[in-house]
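Starting from the known structure of chain A, fit chain B onto it as the hints suggest.
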Amino acid sequence: MSDMQTVEFREALRQALDEEMTRDERVFIMGEEVAEYNGAYKVTKGLLDKWGPKRVIDTPISELGFIGAGIGAAMTGLRPVVEVMSFNFSFVAADQIISNAGKMYYMTGNRYSVPMVIRGPNGAAAQVSSQHSHCVEAIYGNLPGLIIVAPSNPYDAKGLLKSSIRSNNPVLFLEAELSYGDKMEIPTKEYLVPIGKAKVVIEGKDLTIVSHSRMVNMCRTVVQELAKQGIKAELIDLRTIKPLDIATVAASVRKTNRCVLVEEGHYFAGICAEVGFEIMQICFDYLDAPIERVCQRETPMPYSKILEKETLPTVPRILAAAHRTLR
Amino acid sequence: MLLIRNFEVRAEAAYLQGKIGGFFHSYIGQEAIQTALLQVLGKNHWYVTTYRCHALALLLGATPNELMAELFGRTTGNAKGRGGSMHFYTDRLLGGFGIVGGQIPVATGAAFSIKYQDKQGEIAVCFLGDGAVAQGAFHESLNLASLWNLPCLYVIENNQWGMGTAVERAVSIERLAEDLAPAYKMKGYTFDGMDYFHCYEGFKHVFNEMLETGRPVIVEAVTERFKGHSISDPGLYRTKDELKASMTRDPVLIMKQALIEAKLLNEESYKKMDQAEKEKVLAALEYAEKSPWPDPSTLEEDVFAPENGVAS
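Listed in order, the protein sequences are those of chains A and B.
For the first sequence, numbering that gives the first Met the number 0 begins at 0 and goes up steadily by one.
For the second sequence, numbering that gives the first Met the number 0 begins at 0 and goes up steadily by one.
Next comes chain A alone, as it looks inside the complex (with noise of 0.2 Å):
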């Protein structure tokens, strides 16, 4: 048997699940159409009939009150693995995300703590307009006691999602629509992924590219392109938001002295500002040019795909900022 296999992202998140499963019995997955239709996205296919009922379980449309009881029965002994449609349906449970999940270990005095994933697709897919294609991570990331965890490829996904399903605490694991079908050699042997570490998947001397989940794909493109001219630029992807693995992205800058930031959601308290707030505090005397993010821009998805296109990071627009840091 080869120790190497080639598998879509999905693929790689349901050998995660499948493998969790059988290492813990209190691993179970709720979620919207995840056992008998076998998962929006195919991510849990097959896993009902592997695990029956008991463990891959179909909810009704009710985000409040499934993420609430897997809440619950987190907190008394079990390790829930609630599948949300797409992370914008996650805001009619924002009360419990928020303020029941997140603050539970440190509230109750350490009595009660919440071992649970919610995972799902995060920001835009193709054309589903506003309220499917939002960007959760900042929105999240600005309360504490919650993990975020968005990988960009196949591997990092099935390392990261066995991790999260192991951690103690609550895990926001966010996926992306549109790189489910995203092709990958990964091992065929166990293996996990750290949470809380960063990767530099492509060395460079000249600039530091920052970015996390589907956009650094794009990132990889603006490397390639900024190889042609001559410019070799290092592309660091976060893998997690939180807790952010800031220390690798200042051994990055010290070297490169310059930066952009890149990422799917808006400009606004994005992800972005606090990394390049945290670059300037701890690296302003090693940057050779104020530092550059691209974003959102700060409108609401819009249907039409010209417009879509229009609001999302670009690799035009990521190259234009790469050049002004090297003006």
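None of these hints come from the bench; they were simulated from the model.
Model, not experiment: these values are computed from the prediction.
For every residue, glycine included, the Cβ atom is placed at its ideal position computed from N, Cα and C.
Incorrect hints may have been included.
[To be verified] Here are the simulated lysine-lysine pairs, BS3-like style, with alpha carbons at most 27 Å apart:
| hint | chain 1 | residue 1 | chain 2 | residue 2 |
| --- | --- | --- | --- | --- |
| 1 | A | Lys53 | B | Lys186 |
| 2 | B | Lys243 | A | Lys49 |
| 3 | B | Lys18 | B | Lys226 |
| 4 | A | Lys53 | B | Lys118 |
| 5 | A | Lys182 | A | Lys308 |
| 6 | B | Lys243 | B | Lys277 |
| 7 | B | Lys114 | A | Lys49 |
| 8 | A | Lys254 | A | Lys231 |
| 9 | A | Lys304 | A | Lys231 |
| 10 | A | Lys44 | B | Lys114 |
| 11 | B | Lys226 | B | Lys262 |
| 12 | B | Lys184 | B | Lys114 |
| 13 | B | Lys186 | B | Lys42 |
| 14 | A | Lys227 | A | Lys308 |
| 15 | B | Lys114 | A | Lys53 |
| 16 | A | Lys41 | A | Lys182 |
| 17 | B | Lys118 | B | Lys203 |
| 18 | B | Lys262 | B | Lys203 |
| 19 | A | Lys182 | A | Lys227 |
| 20 | B | Lys203 | B | Lys255 |
| 21 | B | Lys184 | A | Lys53 |
[To be verified] Derived CB-CB ranges, DEER-like:
| hint | chain 1 | residue 1 | chain 2 | residue 2 | range |
| --- | --- | --- | --- | --- | --- |
| 22 | B | Leu235 | A | Pro143 | 22 to 28 Å |
| 23 | B | Asn207 | A | Tyr302 | 53 to 59 Å |
| 24 | B | Phe22 | A | Lys53 | 36 to 42 Å |
| 25 | A | Lys182 | B | Thr62 | 56 to 62 Å |
| 26 | B | Ser231 | A | Pro52 | 45 to 51 Å |
| 27 | A | Ala125 | B | Lys184 | 37 to 43 Å |
| 28 | B | Pro291 | A | Thr187 | 53 to 59 Å |
| 29 | B | Glu300 | A | Ile281 | 19 to 25 Å |
| 30 | B | Phe22 | A | Asn141 | 22 to 28 Å |
| 31 | B | Phe22 | A | Ala125 | 43 to 49 Å |
[What the hints assert, rightly or not] Derived coverage of chain B by chain A (criterion: at least 3 residues anywhere in the stretch with Cβ under 8 Å from a Cβ of chain A; other residues may be distant):
| hint | stretch |
| --- | --- |
| 32 | 77-84 |
| 33 | 96-107 |
| 34 | 126-139 |
| 35 | 296-303 |
Just chain B, lined up with the frame of chain A:
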């Protein structure tokens, strides 16, 4: 009941002296309900309640000392001084929840756990106020609990007021449990929440039924709080006569009268009992007063539970 009454009276006095801060929601007037329920069920279930949580914590075994220290914001407090009046816990009490209705899905999840782990004889008990009946979280929880056959007992303590809004101005049905339950294929009951014995008999019936069916049940315990919604509420929405009338049905006095009539109690033994509970609470005040404040250097500890090296 006397411990609860004494605790609330003395804690309120300490609040007015400036020793306790934040919100403070008194359980005075409602004591019969949770006392009777605990007497029937015992501690070995999952319990969830509202911010009016002092009584349930005491009934589930939290000491007056640790609770008073929590109210005083001390490091020896029930939640290390991080929770305050609305967030009390025990090994069986999941809280103490500050958002109206926010506790209901959590209790439903605790019932899910009991079923998943096949814990025979256990149920989850969720207390909520009449105000929470209007919250969507209640509807979603009832639907899930009925759909999935979860052993969750929802007890609506109808104290007539959602802060200053009378229940009939907030909820479109009259009998909160009995009118609502059939829509979810559940059973609904109404108890006299001022009468310990009525509650006791009622909860006994409901608990036995739940052990048999494994199904959720809704109970409305009709009561009236004798204090404002919280300590800062002067209660101008009800007249003094109305309050006086409801206080003639004080649950402590009703129980005392019944026990005297049954010759199980006399004025003297009652006074002795009351004095004993009062002394416990006075000792708790002293304990809280003498307890150390939290060390500011611990402020940022415990935002996350330890990972035991597994995940990171």
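Going down the list of hints, with the structure as the test:
With a C-alpha separation of about 25 Å, the suggested pair A:Lys53 and B:Lys186 falls inside the 27 Å cut-off, and the hint holds. About 63 Å separates the Cα atoms of B:Lys243 and A:Lys49, which puts this hinted pair outside 27 Å; it is violated. Between B:Lys18 and B:Lys226 the alpha-carbon distance is near 19 Å, which keeps this suggested pair within the 27 Å criterion. For the hint pairing A:Lys53 with B:Lys118, the CA-to-CA distance comes to about 15 Å; that is within 27 Å, so the pair holds.
As the CA atoms of A:Lys182 and A:Lys308 are separated by approximately 24 Å, the hinted pair is consistent with the 27 Å bound. Distance check on the hinted pair: B:Lys243 and B:Lys277 sit about 24 Å apart at the alpha-carbon level, within 27 Å; holds. Between B:Lys114 and A:Lys49, the direct Cα distance comes to roughly 20 Å. Compliance with the 27 Å bound is thereby established for this hinted pair. Proposed proximity of A:Lys254 and A:Lys231 is supported: the alpha carbons are some 12 Å apart, at most 27 Å.
Straight-line distance between C-alpha atoms of A:Lys304 and A:Lys231 comes to about 32 Å, which puts the hinted pair past the 27 Å bound. With a C-alpha separation of about 25 Å, the suggested pair A:Lys44 and B:Lys114 falls inside the 27 Å cut-off, and the hint holds. At roughly 31 Å between alpha-carbon atoms, B:Lys226 and B:Lys262 are farther apart than 27 Å, so this suggested pair is violated. Between the alpha carbons of B:Lys184 and B:Lys114 the distance comes to roughly 19 Å, so the proposed pair stays at or under 27 Å and holds.
Note on B:Lys186 and B:Lys42: the hinted pairing holds, with a Cα-Cα distance of about 24 Å set against a maximum of 27 Å. Taking the CA atoms of A:Lys227 and A:Lys308, the gap is about 24 Å. The hint holds against a cut of 27 Å. Our distance criterion of 27 Å between C-alpha atoms is met by B:Lys114 and A:Lys53, whose separation comes to about 10 Å. With a CA separation close to 15 Å, the supplied pair A:Lys41 and A:Lys182 stays within the 27 Å bound.
For the given pair, B:Lys118 sits about 19 Å from B:Lys203 by alpha-carbon distance, which is consistent with the 27 Å threshold. In summary, the hint linking B:Lys262 to B:Lys203 is supported, as the alpha carbons are separated by about 24 Å, within the 27 Å threshold. Restraint check for A:Lys182 and A:Lys227: satisfied, since their Cα atoms lie roughly 26 Å apart, inside the 27 Å limit. Using a Cα cut-off of 27 Å, the hinted pair B:Lys203 and B:Lys255 holds, with the two alpha carbons roughly 21 Å apart.
For the suggested pair B:Lys184 and A:Lys53, the alpha carbons sit about 22 Å apart, so the restraint of at most 27 Å is met. Checking the proposed 22 to 28 Å range against B:Leu235 and A:Pro143 shows it is violated: the Cβ atoms sit about 38 Å from each other. Between B:Asn207 and A:Tyr302 the C-beta distance comes to about 57 Å, which sits within the given range of 53 to 59 Å. Checked against the hint of 36 to 42 Å, the C-beta distance between B:Phe22 and A:Lys53 comes to roughly 41 Å, which is consistent with it.
The beta-carbon spacing between A:Lys182 and B:Thr62, approximately 59 Å, falls within the hinted interval of 56 to 62 Å. About 49 Å separates the C-beta atoms of B:Ser231 and A:Pro52, a value consistent with the hinted range of 45 to 51 Å. A hinted range of 37 to 43 Å for the beta carbons of A:Ala125 and B:Lys184 is consistent with their spacing of about 41 Å. Checked against the hint of 53 to 59 Å, the C-beta distance between B:Pro291 and A:Thr187 comes to roughly 55 Å, which is consistent with it.
Taken as a hint, the range 19 to 25 Å holds for the pair B:Glu300 and A:Ile281, whose Cβ atoms sit roughly 23 Å apart. Between B:Phe22 and A:Asn141 the beta carbon distance is about 24 Å. The supplied range of 22 to 28 Å therefore holds. Hint check: B:Phe22 to A:Ala125, Cβ distance near 47 Å, so the stated range 43 to 49 Å holds. With 6 residues having a Cβ less than 8 Å from any Cβ of chain A, the stretch 77-84 of chain B passes the three-residue criterion, so the hint holds.
Three residues within the 8 Å Cβ limit are the bar, and the stretch 96-107 of chain B against chain A gives 9, so the coverage statement holds. Restraint check on the stretch 126-139 of chain B versus chain A: 3 residues with Cβ-Cβ distances below 8 Å, three needed, restraint holds. Here's how the stretch 296-303 of chain B fares: 3 of its residues keep a CB closer than 8 Å to some CB of chain A, so the rule of at least three is met and the hint holds.
Hint compliance for this structure: hints 2, 9, 11, 22 are not met, and every other hint is.
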